[in-house]
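Novice: So the sequence lines, in the order shown, correspond to chains A and B. Numbered according to our numbering, the first sequence spans residues 37 to 448. Numbered according to our numbering, the second sequence spans residues 37 to 448.
For the record, the hints were derived by calculation from the structure and aren't laboratory data. Treat the hints with caution; some may be incorrect.
One copy or any two copies: either way a pair holds, since identical chains are not told apart in the list.
Claimed, not checked - List of simulated lysine-lysine pairs, DSS-like, C-alpha gap at most 27 Å: (1) 115 with 344; (2) 39 with 115; (3) 290 with 115; (4) 351 with 115; (5) 290 with 351; (6) 290 with 344; (7) 39 with 254.
There are 2 protein chains.
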Amino acid sequence: MYKLLHGLRIIEAASFIAAPSCALHFQQFGADVIRCDPIGGGPDFRRWPRAANGHSFYWEGLNKGKKSVAINLTTPAGKALLQRLVTAPGPDAGLFVTNFPAEGFLSHDRLIQHRADLITARVMGWASGATALDYTVNSAVGIPQMTGPASLGDEPVNHVLPAWDIAAGLYAAFALLAADRARRQTGQGTEIRLPLGDVAMAFMGHLGQIGEVSETGKDRPRYGNDLFGSFGRDFRTRDGRRIIVIALTGHQWKDLVDTLSLNEAVAAIETELCVDLSSDEGLRFCHRDRLNPIVADAIGRISLDELKVRFEGTKVCWGPYNTLSEAVGDPDLISERNPLFSAVDHLTDTRYLTPGAAASLGGFERGTPGRAPVLGEHTEEVLADVLGMASCEIAALHDAGTVAGPAGSKAL
Amino acid sequence: MYKLLHGLRIIEAASFIAAPSCALHFQQFGADVIRCDPIGGGPDFRRWPRAANGHSFYWEGLNKGKKSVAINLTTPAGKALLQRLVTAPGPDAGLFVTNFPAEGFLSHDRLIQHRADLITARVMGWASGATALDYTVNSAVGIPQMTGPASLGDEPVNHVLPAWDIAAGLYAAFALLAADRARRQTGQGTEIRLPLGDVAMAFMGHLGQIGEVSETGKDRPRYGNDLFGSFGRDFRTRDGRRIIVIALTGHQWKDLVDTLSLNEAVAAIETELCVDLSSDEGLRFCHRDRLNPIVADAIGRISLDELKVRFEGTKVCWGPYNTLSEAVGDPDLISERNPLFSAVDHLTDTRYLTPGAAASLGGFERGTPGRAPVLGEHTEEVLADVLGMASCEIAALHDAGTVAGPAGSKAL
Numbered sequence: 037m038y039k040l041l042h043g044l045r046i047i048e049a050a051s052f053i054a055a056p057s058c059a060l061h062f063q064q065f066g067a068d069v070i071r072c073d074p075i076g077g078g079p080d081f082r083r084w085p086r087a088a089n090g091h092s093f094y095w096e097g098l099n100k101g102k103k104s105v106a107i108n109l110t111t112p113a114g115k116a117l118l119q120r121l122v123t124a125p126g127p128d129a130g131l132f133v134t135n136f137p138a139e140g141f142l143s144h145d146r147l148i149q150h151r152a153d154l155i156t157a158r159v160m161g162w163a164s165g166a167t168a169l170d171y172t173v174n175s176a177v178g179i180p181q182m183t184g185p186a187s188l189g190d191e192p193v194n195h196v197l198p199a200w201d202i203a204a205g206l207y208a209a210f211a212l213l214a215a216d217r218a219r220r221q222t223g224q225g226t227e228i229r230l231p232l233g234d235v236a237m238a239f240m241g242h243l244g245q246i247g248e249v250s251e252t253g254k255d256r257p258r259y260g261n262d263l264f265g266s267f268g269r270d271f272r273t274r275d276g277r278r279i280i281v282i283a284l285t286g287h288q289w290k291d292l293v294d295t296l297s298l299n300e301a302v303a304a305i306e307t308e309l310c311v312d313l314s315s316d317e318g319l320r321f322c323h324r325d326r327l328n329p330i331v332a333d334a335i336g337r338i339s340l341d342e343l344k345v346r347f348e349g350t351k352v353c354w355g356p357y358n359t360l361s362e363a364v365g366d367p368d369l370i371s372e373r374n375p376l377f378s379a380v381d382h383l384t385d386t387r388y389l390t391p392g393a394a395a396s397l398g399g400f401e402r403g404t405p406g407r408a409p410v411l412g413e414h415t416e417e418v419l420a421d422v423l424g425m426a427s428c429e430i431a432a433l434h435d436a437g438t439v440a441g442p443a444g445s446k447a448l
Numbered sequence: 037m038y039k040l041l042h043g044l045r046i047i048e049a050a051s052f053i054a055a056p057s058c059a060l061h062f063q064q065f066g067a068d069v070i071r072c073d074p075i076g077g078g079p080d081f082r083r084w085p086r087a088a089n090g091h092s093f094y095w096e097g098l099n100k101g102k103k104s105v106a107i108n109l110t111t112p113a114g115k116a117l118l119q120r121l122v123t124a125p126g127p128d129a130g131l132f133v134t135n136f137p138a139e140g141f142l143s144h145d146r147l148i149q150h151r152a153d154l155i156t157a158r159v160m161g162w163a164s165g166a167t168a169l170d171y172t173v174n175s176a177v178g179i180p181q182m183t184g185p186a187s188l189g190d191e192p193v194n195h196v197l198p199a200w201d202i203a204a205g206l207y208a209a210f211a212l213l214a215a216d217r218a219r220r221q222t223g224q225g226t227e228i229r230l231p232l233g234d235v236a237m238a239f240m241g242h243l244g245q246i247g248e249v250s251e252t253g254k255d256r257p258r259y260g261n262d263l264f265g266s267f268g269r270d271f272r273t274r275d276g277r278r279i280i281v282i283a284l285t286g287h288q289w290k291d292l293v294d295t296l297s298l299n300e301a302v303a304a305i306e307t308e309l310c311v312d313l314s315s316d317e318g319l320r321f322c323h324r325d326r327l328n329p330i331v332a333d334a335i336g337r338i339s340l341d342e343l344k345v346r347f348e349g350t351k352v353c354w355g356p357y358n359t360l361s362e363a364v365g366d367p368d369l370i371s372e373r374n375p376l377f378s379a380v381d382h383l384t385d386t387r388y389l390t391p392g393a394a395a396s397l398g399g400f401e402r403g404t405p406g407r408a409p410v411l412g413e414h415t416e417e418v419l420a421d422v423l424g425m426a427s428c429e430i431a432a433l434h435d436a437g438t439v440a441g442p443a444g445s446k447a448l
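Produce the complete structure using the sequences and hints provided.
Specialist: Next comes the structure, spelled out in structure tokens:
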């Protein structure tokens, strides 16, 4: 991890993707992240994909390098203990990430009775407090009706990538640091509420799509694999490999036409239609039914290896469609050669390439990502370090069943 | 905008989605964002969707509330001017967002000759410097082969949502604030390089998918609209509306079974298969071929309005599939009732609902989002305020064609 946020402490009480990934980004930038779970694990502890030993690849991926505290959250003593951890003093503490309900024992109003300048980042479903997940907000804003081939009619196509969870986790990380920066100047904390629904709706606006349907009164139809408003789609090489080619800029288009020796064919279309296809990507979209076939024909006469040579050093923006296992085998992608990855031994009893922070920072060491904690692995350490508890006090909490160490939680 | 980052200054020299959206998030949190473009606009200035007057809904959505400076970047004088803006002094300045090439006049190494503690966030395609876009990195990591119905065979399904651009913009915003925090303590700046490819690969790891294929040696097949590892897919109501229903947690599953009166049918399946479907979402996925039909049958007998009543107040996680224009008409979603949105007059000569920051912050005012600037609208103001230039000096730059004001850029 980068030692950029060294000394900062984040308390996490959360599950699934958005809030835990928020805390993961902090961990990978050097913060001390303490994930607090119910004894036995939260609702995400055994999510698929899982290994033969029952541990979750998903959980261990999202909780790398964090500390784990296991607390019995069904009892008043356990709830009070978590409140104390969240509101522990210190200028580099008092930062809380959660997806617990806005009401209840982890409500911001209750917590600020213990620490007035607390900063809470609460990932929610809908702003109203109603339940929603990535997949349900995605369907609410119309993405599944725009995705996939037109032949599907009005059949929706769900995303497999939880894009709104990913965005919400990152947005929460940005908002937390912004609030921390302001608190250093003013002493004032805040509750950041981040509903997945608002994240999705805001981006539909930022990307111009709300403006578009407001003006036209019509939905953008399904365009299949054609990139809306520009040139781009999938093509097949002579040897049957699928590739994607995109030409947004004039340079990208020009180099594509040049390397595929399509200058004459494209000039003929331009003359016939009285358009200049290089100066306006929108025209390349309008006339895609003319352009796609000639590009498809040209690419279909060339093997993938030959295309690589032709496109090398040009501005052509392209790449093969891989499956994920092909990407994992590719030395340029997910491999030991890529400084993003390190081989790590995990809870799943497997060793595989594991990403550190996605950014590379000049002058800082990315380091090797740590494995996810065993549930409760750091219960004693955290109670002693953060709350200054003596061993006898911690032992009493163990005996009362209020907390558990790694042995008490290892019930797979 | 929230006045959380008031006083912070971000210089942006960028186009498309990732880097401009990074700066937009800063703007919506109160920072002063100065977007610097070539005279006449960058390669994203006229991207679709566009309005009748030629302005882009896309561009105006991503550049709301920013200041615009137009500079002739083909000349040494223009390049030097942009370098001066990026490296202008002040503890709340020296933060730069770009997608310009890592080499050249906006390389970090050249810029730190003018300001040693500069923080640059550079969004890239591949870490190597090779060109890539959201769509090509998405195809490289295997998402299009997992998306859509199994009937498509090996035909890829491209995303319409630029998820990696969105994630990279947010990641860059988080990384910039982290670097700003560190700089306040150490005085040291850095260059943050954020390749879209590394963002995509890192998240495939965080979500457990690299672990999964590393262990199994096999790609996850296409599951169509079925949610991998749990219960969830699309269903049709009696009146032909499509809805999505998800049950990750035991509570969500129990309430779904209860409200659809499926207790007996589910109990019969559990007895037959000797499983407890409520305690393990993975089992609900394994046996989805048994569960989907009975849920489909139950939902197919109920109208959407009736379902709303039945699901109200329960933990059932569901929602209708909307098109975007249906979402724009819905009072609970994209409407004046939603404090996320305000009606704003835009460059496209249209007035439509426009999102502020996606987060709501207790104790701070979200305010009304501003419209995007006319190109060069703030050229004079910024040169005077940031570089302390006198009017005669600015006039000389105008005369030499090094900069342009709004009149000089309004060439639509």
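Novice: Under the constraints set out in the numbered hints, which ones does this structure not fulfil?
Specialist: 1, 2 and 7
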